[in-house]
Amino acid sequence: DVKVTQSSRYLVKRTGEKVFLECVQDMDHENMFWYRQDPGLGLRLIYFSYDVKMKEKGDIPEGYSVSREKKERFSLILESASTNQTSMYLCASSTPTGANYGYTFGSGTRLTVV
Amino acid sequence: EDQVTQSPEALRLQEGESSSLNCSYTVSGLRGLFWYRQDPGKGPEFLFTLYSAGEEKEKERLKATLTKKESFLHITAPKPEDSATYLCAVNDVTGGGNKLTFGTGTQLKVEL
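Sequence lines, in order, name chains A and B.
Numbering of the first sequence is given in my numbering, commencing with residue -8 and proceeding in unit increments.
Numbering of the second sequence is given in my numbering, commencing with residue 7 and proceeding in unit increments.
Straight-line Cα separation of at most 25 Å, DSS-like style, residue types lysine-lysine; simulated pairs:
1) A/9 <-> A/62
2) B/48 <-> A/-6
3) B/65 <-> B/85
4) B/115 <-> B/69
5) A/-6 <-> B/65
6) B/115 <-> B/85
7) B/63 <-> B/85
8) A/44 <-> B/105
9) A/-6 <-> A/62
10) B/63 <-> B/75
11) A/46 <-> B/105
12) B/105 <-> A/61
13) B/63 <-> B/115
14) A/48 <-> A/61
15) A/61 <-> A/9
16) B/74 <-> B/105
17) B/105 <-> A/48
18) B/105 <-> A/62
19) B/85 <-> B/69
20) B/105 <-> B/63
21) A/9 <-> A/44
22) B/48 <-> A/62
23) B/65 <-> B/115
24) A/62 <-> A/48
25) B/48 <-> B/115
26) B/75 <-> B/65
27) A/-6 <-> B/105
28) B/65 <-> B/48
29) A/46 <-> A/9
30) A/4 <-> B/48
Hints in this document: simulated from the structure, not taken from any laboratory.
None of these values were measured; they are calculated from a predicted model.
I would like the entire structure built from these sequences, with the hints used as guidance.
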């Protein structure tokens, strides 16, 4: 089975901290994505990557950055955490023809910023 | 800009009571429409991809259909274990490769 593993299920961080969310996939997928999910707003795309060292902004990139140094790992960085970044964060991966098979999602990281 | 609207927001059914969930979409050109199931505290799980109007796919008690403007997820004789949030998403042929735009979901509760 394709596995997408997010390093933490729950995180509590303080305002102003630099936060790292890690995601690793084991199926050699080229594409990786970071979404946040909030009640009533659905899943919103933060950043995505189609290749190592490559990144593109999604719909809500402000306050976030990403790193993809290896194909299997895609990290989301909150440069200076704020309370409005409290959310469920979901990582996903897909093949280049992901439109055929959809994404595979991780289990999510519920981040609380206090 | 792609838009996906799901209705109803929440649905409560009795076990065995069939119903349908709706997903209306607006895209420049549809590459694919996806249905996912999401259980509380977990990531979405892929169910179906539909590519063109008239296409249908089935899996156990679920059947997804597609028209040029909307998709339906039909649930036949649901069981309590079908309780989950069902998400619809679209992939547009223009600008963005494999980016998906998601709806806000329908929260389904099936009771005994």
